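Visitor: Keeping their order, the protein sequence lines are chains A, B and C.
Residue numbering for the first sequence follows UniProt numbering, starting at 1 and increasing by one per position.
Residue numbering for the second sequence follows UniProt numbering, starting at 1 and increasing by one per position.
Residue numbering for the third sequence follows UniProt numbering, starting at 1 and increasing by one per position.
Quick caveat, the hints were computed from the structure, so don't treat them as lab data.
Hints are supplied without guarantee of correctness; some may be wrong.
[Stated by the list, open to error] Computed list of lysine-lysine pairs in BS3-like fashion (alpha-carbon distance at most 27 Å, straight line): (1) C:Lys83 / A:Lys227; (2) A:Lys135 / A:Lys119; (3) A:Lys99 / B:Lys49; (4) A:Lys237 / C:Lys83; (5) C:Lys77 / A:Lys227; (6) C:Lys77 / C:Lys154; (7) C:Lys154 / A:Lys99; (8) A:Lys119 / B:Lys49; (9) A:Lys76 / A:Lys135; (10) A:Lys199 / C:Lys83.
Source: prediction; values computed, not measured.
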Amino acid sequence: MTPTTVPADSAAWDALIEPDRVHGSLYTDPAIFDAEMERIWYRTWVYVGHESEVPQPNDYVVKSIGPQPIIMSRDKQGEIHLLLNRCTHRANLVCDAAKGNSSAFRCPYHGWTFSNTGKLLGYPFNSGYGGTEEKRNLGLGRVARVASYQGFVFGSFAEEGPTLEEHLGGATDAFDRLVELSPTGKLDISAGWLQHEAKANWKMLVENETDGYHPQFVHASIFSVAKSGIGDLYGEKSTAVSRDLGGGHTENDLRPEFRRIDEPMGWFGTTADRLPEYVEHLQAARGPERAREIMIDGAPHVMVYPNLFIAEIQLFVIQPLAVDRTVQHVTAIQYEGEPQLNRRMLQQTIGSVGPAGLLLADDTEMYERNQRGVHARTPEWLVLKRGTHRERRDGDGFTIGDATDEVPQRAIWRHYRELMEAGDGDGAVAPPAVPTANGSVR
Amino acid sequence: MSERRERSLPLGEAAAGDTPVELVSEFAAVSLVVDRDGNGPRLRIEDLKTGQVGFLDPLELETLAWLPEGALHRFLDPSFHRWREERERG
Amino acid sequence: MSATAATATAAAELLREVEQFLYREARLADEHEYDAWEALWADEAIYWVPANGDDIDPTRQMSVIFDNRSRISTRIKQLHTGKRHAQTPPSALRRLITNVELLDPDPEHPDDVAVGSNFLVYESRERGVTLWAGRYEHRLTRTPEGELRIAYKKVRIVGNDRPLHTLAFLI
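Only chain A is shown next, with the shape it has when bound in the complex (with noise of 0.2 Å):
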């Protein structure tokens, strides 16, 4: 692809982005890259880490937003910050290890001290500068918004803009839907993250984690062997929808299948009666019916935008480096108290996700071969026309489509648009639009 220059007008956008079909420069121009970081990953509102990470005062763990060192922080009293890894003095990493406890951080090269707040305690020899007036302006760098959902905890670098629990609109309901499934209604991510580098552009993971057409072709060779229904989920007679959340944020819903197949647990690939303990405790926590509900509908599979990923029973979160290099961080989800049910998960996860998965080395494959083909001269656009003709609109007002259909992806795409052309501006962006549920858009 020839390397555009940054539209500057809706006109220049029409070029790039058509309600259907978007241009393959898009995922190969160093230009776009950078404006993404700037309209898209510096100000709206990004997942950085899971309250359960840093369960105890003083916590800490090494995070990013995109190319961003941060620093995830619980200080003394319980409040989690999110902070600039890097020394106000020189520009040095001040946290090297993974996580740790410590209420303050000393950088390596001179000494600089800060608290796990940002504040900075001070600096050896401190005659050498003067008054003290400057080391209330010499704090560690702060993501200027820091908010929580059900335990996720996202940063915003705008110091204004839409609420999170706005930003998420449609999407709290996976929150809401993903804590319902542990008893204590409490999430445990604290099995670890795997990295996973492709050399392949950001955007090619995000607009795959819901695309229910390629299941049955990137994974036929897992869901032939392991003999799995996950195909059939994503088949052609399939009753699963793929829907439009609004704000980016998509969703293949798969609980049509799992109600129609009306086995608890059946989400999981098992049967209540492998899982007697979490079964008690679930019944116990929220009554044998709606726990019975629970156990069938499973959990979401749901594209929290731009960077989080929640697959059921894993947590994938997108970190893009380049233009065309992504590492994707995932881990498996625990709920508090059930090792029962963590231990299988675990495993079913460390089976599917990661370099050597037998799911995602296949899918990470794909994205490193789009990246090699968009670079190709002509067609010179990716086409994203699946299921316009039947599209529609469900109880809540959201667009869906058939399980296989390209909802997601053109949703994706429109919030992509309005992000990229509201441009650098101050930071202010309309919360995205909530359908009700008379189907009409506020």
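Go by the hints and put chains B and C onto chain A.
Guide: The following block gives chains B and C in isolation, referenced to the frame of chain A:
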């Protein structure tokens, strides 16, 4: 001396307290052990990077347990004591 | 021959046998001889590639691979489908195995042979060239006929706490 200690303390407790514990983070590495050379026990803290040793008695430790948030901040300032300029110009 | 000399000769012969076994396993993996590679495994086995350090608890922490014997078999069957895209076409591979050293036996399996070795794998595919370095720890058991089989293989990849590219060949 050590015999007397064994009589006055349950054996398990004495053994545990006399075993040095190393606490290491990416910022510091210290070794902790209960020191019984004095008339009462105290905590001996050794900075494993420099060999510097300090002691904290039970009252000092109790005080630490009651410290309000941020009370250690001035001690964590590298210039407070350890890396203080000798030629302070006031 | 003195008893000491006899022991030394037996140890040298065992080392030689184990080295030949490791080289054979490496060649079969490099050349994608999947069935022959799988046949080197014992009936009960663990194939483990840890992540985020070498001494994690694989029942509580994420690993790159933590296969029991049944999952090893699934992995091989998937490769045989011809639709394991991450190995279609298969990676071009050659690996070197060095520093082969007999280790103290695992107390729980005193009759098995514990052996450590270093490896360097050169992988070439459409993505580019990837070098994989690390250490193997094998526990080898004997069939009733006296042949060596892999009961346990741990692969300590250098840099397993950092991002890794797709690793779909048999490492």
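Visitor: Look at each hint and say if it fits the structure.
Guide: Results for each hint:
1. C:Lys83 / A:Lys227: holds, 15 Å
2. A:Lys135 / A:Lys119: OK: A:Lys135 and A:Lys119 at ~9 Å, within 27 Å.
3. A:Lys99 / B:Lys49: holds, 21 Å
4. A:Lys237 / C:Lys83: holds, 23 Å
5. C:Lys77 / A:Lys227: With Cα atoms ~12 Å apart, C:Lys77 and A:Lys227 stay inside 27 Å; holds.
6. C:Lys77 / C:Lys154: At roughly 21 Å apart (the allowed maximum being 27 Å), C:Lys154 and C:Lys77 satisfy the hint.
7. C:Lys154 / A:Lys99: Roughly 25 Å between the alpha carbons, so the hint for C:Lys154 and A:Lys99 holds.
8. A:Lys119 / B:Lys49: holds, 26 Å
9. A:Lys76 / A:Lys135: holds, 22 Å
10. A:Lys199 / C:Lys83: holds, 21 Å
Violated hints for the displayed structure: none, as all numbered hints are satisfied.
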